[in-house]
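S.K.: Sequence:
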Amino acid sequence: MALPTLRIIGFILGIFLITLAVSMVVPMLALLAFERTDDLTAFIWASLITFGSGLALVLPGRPRNTNLRPRDMYFLTTVSWLTVCCFAALPMMLIHHISYTDAFFETMSGITTTGATVISGLDAASPGFLMWRSLLTWLGGIGFIGMAVAILPLLRVGGMRLFKTESSDWSEKVMPRSHMAGKYLIVIYLAITLLAFIAFRLAGMDNFDAINHAMSTVATGGYSTSDASLGQFSNASHWVAIVFMIIGSLPFTLYVATARGNRGALWRDEQVRGFLLLLTTTSLLFSAWYWLKHDDSLLDSLRIVTFSVVSVVTTTGFAVDDYTQWGGFAVMVFFYLTFIGGCSGSTSGGLKMFRFQVAYALLRANLQQLVHPRAVIRQQYNRHNLDEEIVRSILTFSFFFTMTIGVLALSLALLGLDPLTALTAAASAVCNVGPGLGPVIGPAGTYQSLPDAAKWLLSAGMLLGRLEIITVLVLLTPAFWRH
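Start counting the sequence shown at 1; every next residue gets the next number (the numbering used here).
Don't take every hint at face value.
To be verified - Label-pair distances were calculated between CB atoms; the ranges are:
{"no.": "1", "residue 1": "Phe208", "residue 2": "Asp300", "range": "25 to 31 Å"}
{"no.": "2", "residue 1": "Asp123", "residue 2": "Asn366", "range": "49 to 55 Å"}
{"no.": "3", "residue 1": "Leu299", "residue 2": "Glu35", "range": "37 to 43 Å"}
{"no.": "4", "residue 1": "Arg383", "residue 2": "Ile49", "range": "50 to 56 Å"}
{"no.": "5", "residue 1": "Ile49", "residue 2": "Leu475", "range": "23 to 29 Å"}
{"no.": "6", "residue 1": "Trp481", "residue 2": "Lys293", "range": "54 to 60 Å"}
{"no.": "7", "residue 1": "Glu35", "residue 2": "Asp300", "range": "37 to 43 Å"}
{"no.": "8", "residue 1": "Arg263", "residue 2": "Arg64", "range": "41 to 47 Å"}
{"no.": "9", "residue 1": "Gln380", "residue 2": "Pro478", "range": "34 to 40 Å"}
{"no.": "10", "residue 1": "Gly52", "residue 2": "Gly261", "range": "43 to 49 Å"}
{"no.": "11", "residue 1": "Phe208", "residue 2": "Leu55", "range": "30 to 36 Å"}
{"no.": "12", "residue 1": "Asp300", "residue 2": "His372", "range": "48 to 54 Å"}
{"no.": "13", "residue 1": "Gln232", "residue 2": "Gly264", "range": "38 to 44 Å"}
Hints are computed from structural coordinates only; laboratory data are not their basis.
Here the structure is a predicted model, which is why all the values come from computation and not from measurement.
Virtual Cβ for every residue (Gly too), placed ideally from N, Cα, C.
All chains, please: the whole structure from these sequences, using the hints.
M.R.: Spelled out as structure tokens, the structure:
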């Protein structure tokens, strides 16, 4: 990679670090508001170190007449997420006096909106620390949306190219218009977060809990201010969380299309309809099973089950009940739901709904071809033809996604984790869900007891899953580094 290119990447990384340093002012203000100055020094030092490092990268300036190529953007995306995580972990380490491994794991979990945690005692934690965790998930959510709009189309991972609307063509024109798209996305993201804050306040939360949960819910991050997660708060807050977890899991590009005048952009999208149908059907059927098995009322059964289903499918990771205690059938259902994820171009992780729908469309077309061998059957999805490139990219991603989980699970088992913990931890990390299954990392547990090597492996899994695997794997190919 040429020196001018490295200088540009360093310059951009410097801007990111300066922005991160300025963001640390938010938890400082939270500490001052609660008159808790004990952790203020930790944030000041972390902010100064981060700001100084960013300034050192910015001061050499940006080389003239040199631009980043698409291949450079892949490198920048991966390196920027790693760099931000390295510095964002400083306040956590200084406040809790935990190891850098735990601090990095917690930070990577926040920025990738995974929601897995190694911290307990949240109810008594510093307001600055809690605010910093929620802010990281919120920044990670909008960061991934921006990356999805700007980077993923170049990788041909099969997502953004399929979700064009009449008034907003996001395919090949997305890069030249990324500055305009970015403005729309930021405004919409802020507006949804504000609405979530108001809704949580009306549901009975105080201002501090409402803003933390608003950021974490819209980003589908799953970080709470209590060890009991949303189970600590009112039933009304559970319904609010359900609504905004779903909103955060829909394509933000379609929100932009709606804002620009295409009122039916969301509902006409096959992915959105399929996603909502899946959540509705699963929640109703599962609620009926839960109601027959437990003593809760029908409404409470519907609330508990719908919340749990939406939380897992949208990869948020909130909890109101330990669903691993519902029996073996429930455990298997939630394990399968872990892989689905939300919609492409949203803040959620997972395989994404459209890949399952495309797979079904291909299966249906192949079955029709068997019945009518001479017929010319068009393979379409979302009113667009499924060309060979899109199909190939989806199959490639799905294969490496599954392989990543398998290799990670084997590595965790090699470190001594039991099979259930190893498999569900790997799936939860790559799918960015947060809680796994079992007594160790289930909804009622944390990742604290895992060995340090497992935490580093899971951190890598979170990054791979968040950046959709191919963004990182392309850096490992010899062709990428050839001039």
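S.K.: Are the hints correct? Go through all of them and say.
M.R.: Cross-check of the supplied hints:
1. For the pair phenylalanine 208 and aspartate 300, the supplied restraint of 25 to 31 Å holds, since their beta-carbon distance comes to about 27 Å.
2. For the hinted restraint 49 to 55 Å between aspartate 123 and asparagine 366, the CB-CB distance of approximately 54 Å keeps it satisfied.
3. A hinted range of 37 to 43 Å holds for the C-beta pair leucine 299 and glutamate 35, which are about 41 Å apart.
4. Between arginine 383 and isoleucine 49 the beta carbon distance is about 51 Å. The supplied range of 50 to 56 Å therefore holds.
5. Distance hint for isoleucine 49 and leucine 475: a CB-CB separation of about 27 Å, consistent with the stated range 23 to 29 Å.
6. For the pair tryptophan 481 and lysine 293, the beta carbons lie near 56 Å from each other, so the given range of 54 to 60 Å is met.
7. At about 39 Å, the beta-carbon gap between glutamate 35 and aspartate 300 stays in the expected band of 37 to 43 Å.
8. Checking the proposed 41 to 47 Å range against arginine 263 and arginine 64 shows it holds: the Cβ atoms sit about 45 Å from each other.
9. Glutamine 380 and proline 478 have their C-beta atoms about 37 Å apart, which keeps the hinted 34 to 40 Å range intact.
10. For the hinted restraint 43 to 49 Å between glycine 52 and glycine 261, the CB-CB distance of approximately 46 Å keeps it satisfied.
11. The hinted range of 30 to 36 Å is satisfied by phenylalanine 208 and leucine 55, whose Cβ atoms lie roughly 32 Å apart.
12. At roughly 50 Å, the beta carbons of aspartate 300 and histidine 372 sit within the given window of 48 to 54 Å.
13. Taken as a hint, the range 38 to 44 Å holds for the pair glutamine 232 and glycine 264, whose Cβ atoms sit roughly 39 Å apart.
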